[in-house]
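Participant: Guided by the hints, dock chain P onto chain E, whose structure is given.
In order, the protein sequences belong to chains E and P. Counting from 1, one number per residue, gives the positions in the first sequence under UniProt numbering. Counting from 1, one number per residue, gives the positions in the second sequence under UniProt numbering.
Be aware that a few hints might be false.
So the derived label-pair ranges between C-beta atoms look like this [what the hints assert, rightly or not]:
#, chain 1, residue 1, chain 2, residue 2, range
1, P, Gly157, E, Arg303, 19 to 27 Å
2, E, Arg303, P, Gln272, 27 to 35 Å
3, E, Ile9, P, Gln192, 45 to 53 Å
4, E, Met12, P, Asp97, 37 to 45 Å
5, P, Phe123, E, Thr213, 34 to 42 Å
6, P, Asp74, E, Arg303, 43 to 51 Å
7, P, Arg16, E, Trp158, 27 to 35 Å
8, E, Gly125, P, Lys302, 38 to 46 Å
9, E, Val145, P, Pro276, 51 to 59 Å
10, E, Gly125, P, Gly45, 24 to 32 Å
11, E, Trp158, P, Ser79, 39 to 47 Å
As a list, the in silico DSS-like pairs of lysine-lysine whose alpha-carbon atoms are at most 25 Å apart [stated by the list, open to error]:
#, chain 1, residue 1, chain 2, residue 2
12, P, Lys131, P, Lys120
13, P, Lys12, P, Lys279
14, E, Lys40, E, Lys28
15, P, Lys129, P, Lys107
16, P, Lys302, P, Lys12
17, P, Lys131, E, Lys220
18, E, Lys220, P, Lys122
19, P, Lys120, P, Lys71
20, P, Lys63, P, Lys12
21, P, Lys63, P, Lys279
22, E, Lys220, P, Lys85
23, E, Lys220, P, Lys129
24, P, Lys120, E, Lys220
25, E, Lys220, P, Lys107
26, P, Lys71, P, Lys4
Honestly, the hints are just simulated from the structure, not real lab data. Everything numeric in this text was worked out from a predicted model, so none of it was measured. For glycine and all other residues, C-beta sits at the position ideal for the given N, C-alpha and C.
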Amino acid sequence: MLRYILRRIFYMIITLFIIATVTFFLMKLLPGSPLSAENKLSESQREVVLEKYGLNDPIPVQYVNYMTGLVRGDLGISFHFDNTPVTDILINRMPPSMVLGGQALIFGTIAGILFGLIAAIYHNGWLDYTSTVIAVLGTSIPSFVFAGLLQWYLANEWGLFPVALWGTYAHTVLPTIALAIFPMATAARFTRTEMLEVLGSDYITTARAKGVTESGIIFKHGLRNSLIPLVTVMGPMAVSLMTGTLVIEKIFAVPGIGEQFVSSIEVLDYPTIMGTTLLFSVLFIVILLVIDILYGLIDPRIRLTGGGR
Amino acid sequence: MNEKLLEIKNLKTSFRIEDQYYAAVDDVSLTVNENEVLAIVGESGCGKSALAFSLMRLHNRAKIEGDILFKGDDVTNYSAGQVNKLRGNEMSMIFQDPLTALNPLMKIGDQIGEVLLLHKGKFSNLNRKQKAISLLDKVGIARPEHVYEQFPHELSGGMRQRVVIAIAIANDPEVLIADEPTTALDATIQSQILDLLNELKENMNAGIILITHDLGVVAEMADRVAVMYAGQIVEVADVHALFGMPQHPYTRSLLSSVPNAESVDSKLHVIQGIVPSLKNLTREGCRFRSRIPWIDESVHEKSPELHEISPNHFVRCTCYKNFYFPDEKKEDKRHGIS
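Next comes chain E alone, as it looks inside the complex (with noise of 0.2 Å):
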């Protein structure tokens, strides 16, 4: 086990540099620069200012220059925030996307999956049809249509919540739930699905014929057999949910990392921008490690080696 993660570790770097490297270029090929919107700069401010940030050097040194900060594990310094260091950017802007998708992934989950028994359960019954009538809706109406209905009728006609900004707790509660209601609905249609799967299979038969009861049948056989697939796709959803999303941070207003990625790439802000791609790149990289330790932990019948040929 030890040794497998090792390995992915090894992998991971060499990912990164290439992500890094494809970024770079990438980032470059985009039109206009950085300073295309400061027009009152004469010329030769303009000379110094790209003089200062090295942009005058040939595109393959910049890169050079660039990657042997980044290795030492120095991501520059933004263009746009008056000489901030990018790295403190993203510390202050991660967290609240972070907790904003952290909470939105767990409730999502938790209340997908309960919803997704009940159909199954209740199959062809009204309940059934009503979860999925529940989860069609979730998938295909975006989030500012939630999260314009939610601001209005709970923050503004009842004032339980904040309707924007960032501060409390309660602040978190609306953009919680608006950025969850796709999750959940995913978890609901996944579960739903697999769950009916399962439930036809030989071994629930067995289990049956055992004498095992009804909830038993549900949460020790059936669920536990029907979670990979879940697993699958809440991995890669909960990185979207906690790397922010642009239209749930503008509409709460929420200083988020989402917000921020967007901006930085409109102002060209190129060390921004590599260093965002980064960690979003770092983040996935480890939550697909973290699928793969769980599908070892759920299913005996994968197992992690090291060694692999």
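Facilitator: Same frame as chain E, now just chain P:
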């Protein structure tokens, strides 16, 4: 001494297809006694497994009519809780495909332990483990302590079937239903499993219902045989009577379609056609008549009944009196194995 353990009276199991119910098991009456192996034979799709599943109340969406008396108690009226107490305890079942019959995520030991825990909760954890290991030993698994900790995918098909059997006999059931226990196994493993079942039969006081389409298995194991066709019992007899003097055209066709070392030169009989599907089955008259078209329609009964032609030998319909194989002369039709 041979007490009636299980009495099935006019059992009818129907499944819903579109908006109508179709009976897969149609008016079956059988008894199983203590210390007896009752074999139920028939082609695939004749309702054998549907019958077994009805006895265990394992059908999800089937309409079950008639009575199933377990030691005089009607099981069909049992609540879900009562059924759960009965299953795996007094009545248990061995399944057809050992490769899919075990939960892939649970250790063998836990799967056996579960059935002990459900019905013999008073065992301590340690006792339960010992009991599970002794069960594994009893079904002929070498190194039971090791297998106890293994998962199903680490075992071969034959080993898994032994585990399935261990689960079924864990609580010394009084009725054991074996639904084609050797069908999914290769020939050598088959005979090992049959030997094991025979051995267990000697030491248990149970009534065993053996469902199979393999007449060799029947000859080896059974005391009594019920032949099923299209959801109905067409012939019930003592195993010797059935093999010695088969009466119903279906039984005779089945027996003569088994290759036989002594009659190498004679042509192997092939039963024409297939078992009609649940929906297309004609339910009036003798159900086998469409597969023996050379027999005159008039010899069949209008509504065929089971007739006791000699003590404890029952045959449905009167057509058996006039049955002959197409390659036989109508005049010198013989009874018995031809």
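Participant: Hint by hint, work out which the structure violates, then give me just those numbers in ascending order.
Facilitator: 2, 5 and 7
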